[in-house]
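Position chains V and E relative to chain D; hints supplied.
Residue numbers (the working numbering), protein chains in the order written: chain D, 202 to 372; chain V, 103 to 658; chain E, 67 to 185.
Simulated from the structure, these hints should not be mistaken for lab results.
Warning: the hint list may mix true and false statements.
[To be verified] A partial selection of chain D residues facing chain V, derived with a Cβ cut-off under 7 Å:
no., residue
1, LYS207
2, LYS211
3, ILE307
4, ILE344
5, GLY347
6, TYR348
7, GLY351
8, ARG356
9, LEU359
No experiment lies behind these values; they were computed from the predicted model shown.
Every residue gets a Cβ at the ideal spot worked out from N, C-alpha and C, and that includes glycine.
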Amino acid sequence: MLLLDKSGAKADVWTRSEGAAIDNISHALVAWEALPEALQQKSRDQRLGVIVPNNVSIAELKLVLRQLSLVAVSFPSFSDGRGFSLAKLIRNHGFTGTLRASGPLIADQFAYAISCGFDEIELPDASAGRQPVEQWLKAVAQISHGYQRGYGDNRNILDQRRAARAAGGAV
Amino acid sequence: MYRYDEFDERFVRERVAQFRDQVARRLDGSLTEDEFKPLRLKNGVYLQLHAYMLRIAVPYGTLNSRQLRQLALIGEKYDRGYGHFTTRTNLQYNWPKLRDIPDILDLLADVEMHCIQTSGNCIRNVTADHFAGVAQDEIEDPRPTAELIRQWSSLHPEFSYLPRKFKIAVTGAEHDRAVIKAHDIGLRLRRHPDTHEICFEVSVGGGLGRTPMIGKVVRDYLPKADLLAYLEAVMRVYNLEGRRDNKYKARVKILVHEIGVEEFTRRVEEEFARLDGPSVNADPAEVARIAAYFAPPSYEVLPETSRVLEATKAANPAFARWVETNTTPHKAPGYTALTISLKPIGEAPGDATSEQMRLVADLAEQYSHDELRVTHAQNLVLPHLRQRDLFTIWQKLGEAGLASANIGLITDIIACPGLDYCALATARSIPIAQAIQRRFADDERQRLIGELNIKISGCINACGHHHIGHIGILGLEKRGIESYQITLGGEATENATIGEILGPGLAAEDVPDAIGRIVDVYLAERQGNESFIESVRRLGLAPFKAAFQEVANAVA
Amino acid sequence: MAAAPKRPALPAILLANDLLDGDIVFATAGAEGALIWTRDPAHALVANDDKAAEQLEAYAANQLATNHVVDAYLVDVAIEAGQPVPRHYRERMKTLGPSNRPDLGKQAGEGIERAEQGA
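With the rest of the complex left out, here is chain D:
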């Protein structure tokens, strides 16, 4: 596994637990099915994360978001784009913890993932072997500005045009 964010490769502080057995793991990552039980066992100073399938019900997930420090959205394949919309929904429901995309994504999706609210990518070794971190860092910066408002910061093209108009520019 390779874990990376916009700054490059990073160490994974999260430990996958067996079922809901989070014991005294400081950062415990549990499967979606095990989450209700894990939440009951969770001690005050323990951090809990959950791995969700990309078809998880947002109506159910939103009820527990406040108790989670990390949500890892599974990408069964890079071409299954549900995870992008799910991330957007999770952020729209006010989640401020870490959002992780987990699966065989490709470097060309890095910028999309970040725009949709992901912080980091967890990549299987087979993908990471072909697509080292440098390719991801290059790919993420290839398109400076997108056209969509509401995806990340206000550096999108529409807001920049608006800013230029406000400044009295000729754009």
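For chains V and E alone, coordinates are given in the frame of chain D:
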């Protein structure tokens, strides 16, 4: 027409550099073919039967002369001197080499063009009424909306890995020339009866392909300012809930069909209400900025009808017939919109050579305020001609083989490239179109038959729109040979209808006979000025089926 | 990865698209007996038995894995006038070119001479 600002320019240049890098990573093995394929498709690059194919976006079918000349140049330098205009109003080159495509993209960027999202499971090139801005029945020009959607949909972070392709069309006229009901989303600009504000009627879930469906209205009057937020809601519901287990059930039409239009609408409206519209929508100043590019050109003040035109028509019957068939009334007095037929008898429908492109570019520059259009019927339009210039234009077009007087007639056939080029095709399309054209080549007979749309697809994906042809032809494989299924009664207008199958499949050589018999029934049965499709509606399928069956029996 | 296509009836030839050019190429025996690609369908090596077909399949797998070609698969052929001709009309198109443009593609000799001289 729209011109790139510094942001658009940089965006397209960076996209070229990105694709160049993607090709390099494919060659060095960083990307597998499975990973590279969606990336190249989203840049218009297909692997076809004989070679790669490059599909160039012509957003809402609008081009200027400089762009068309550049396309002509690309055709000569990197292809075989001709291109193919498609039913999505794009231009395809059939023989480019992958090694050259980044350079071709650079040449396109030089003239504010690209290949972004002309294929792949993403929002495709947005199409619009090809008479936008000039049609007499227009309420509002659809092109500013189409351009706004083009920008918004380009490299969308959330909607670039959809379950399947997604097509959007916009019209601003009473009469639908953009086939909006056969699109994943169809937008119709219309006036609200109470507020008199211009709004969108939003249809979702139309589409052709294996399971053809007519779009259903999900919003009668969407305020214009809410467009992008509403589109985001529709796309999010589709991206999350569209089927991904079977590519033939992955279009939004299947989702709408399976959960019902009421439930689909409820989910969209729920998401639309929940999301923060103002943070998504374009502000009015941005919409106005785009719209300003589509302001009408400065027309001369002219009489309603040109006396020069009337005189030349009187002296040249062939010219008069061409004017009658290929021109459309214009908003501005003394002007006309001319459709140039890319369907000369015996040629591949929609093909144009580089020389022909240059001629049309010259005519557009000299006579049509430097503007031209591509139609979904695979023809070209010079939208702003003075009527008095038509005779000169006709003569010049005639020298280049582009003066066919057949727009809307039986030889104005829509056809996909079919198995002559396409790797997905199950049968050929072009030779079928050519054989039918030859059968009905006689001008007088074509005019006698009147409006009749034949549409041919070489496989079930229906790029040739066969379901919505008055007569549709679908090429299939049957026991190792090409077989053609004929449908009747389809319609591509505001009364969009899916045609019905007439009978068993026919061999290629029997298709012209079958079409001949169908036409004979119409000519024998029609009442007054009734058009072909009106006769089919009145008579029903039975008499046509009977005539068709005779052909089928004779060859069986 | 897509599953390997089923082996067709023999005799068969191996065809593919060149990754960089897109041209249709056919496996043929090179000077030292090793397999190489040719753009000329007349020179395609015909596999008449399972052993020969396995060699073509192994070559296809190797050439796909090393990023030289895409869409490589075996095609069943008939031998007509001493040359292999695909039995299915779709594959036959690949050895010829568009039927409405006899001036283009392999039927017009495109790519064939140059490749033979250059290779």
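Now for the hints, and whether the structure bears them out:
1. LYS207: violated, 14 Å
2. LYS211: Where the cut-off is 7 Å and the nearest Cβ of chain V is about 21 Å from D:LYS211, the hint is violated.
3. ILE307: With Cβ-Cβ at 5 Å, under 7 Å, it holds.
4. ILE344: At about 5 Å, which falls below the 7 Å cut-off, the nearest Cβ of chain V leaves the hint on D:ILE344 intact, so it holds.
5. GLY347: holds, 6 Å
6. TYR348: OK, holds: D:TYR348 within 7 Å of chain V, min 4 Å.
7. GLY351: At about 5 Å, which falls below the 7 Å cut-off, the nearest Cβ of chain V leaves the hint on D:GLY351 intact, so it holds.
8. ARG356: violated, 11 Å
9. LEU359: Status holds, d = 6 Å.
The structure fails to meet hints 1, 2, 8 from the earlier list, while all remaining hints are met.
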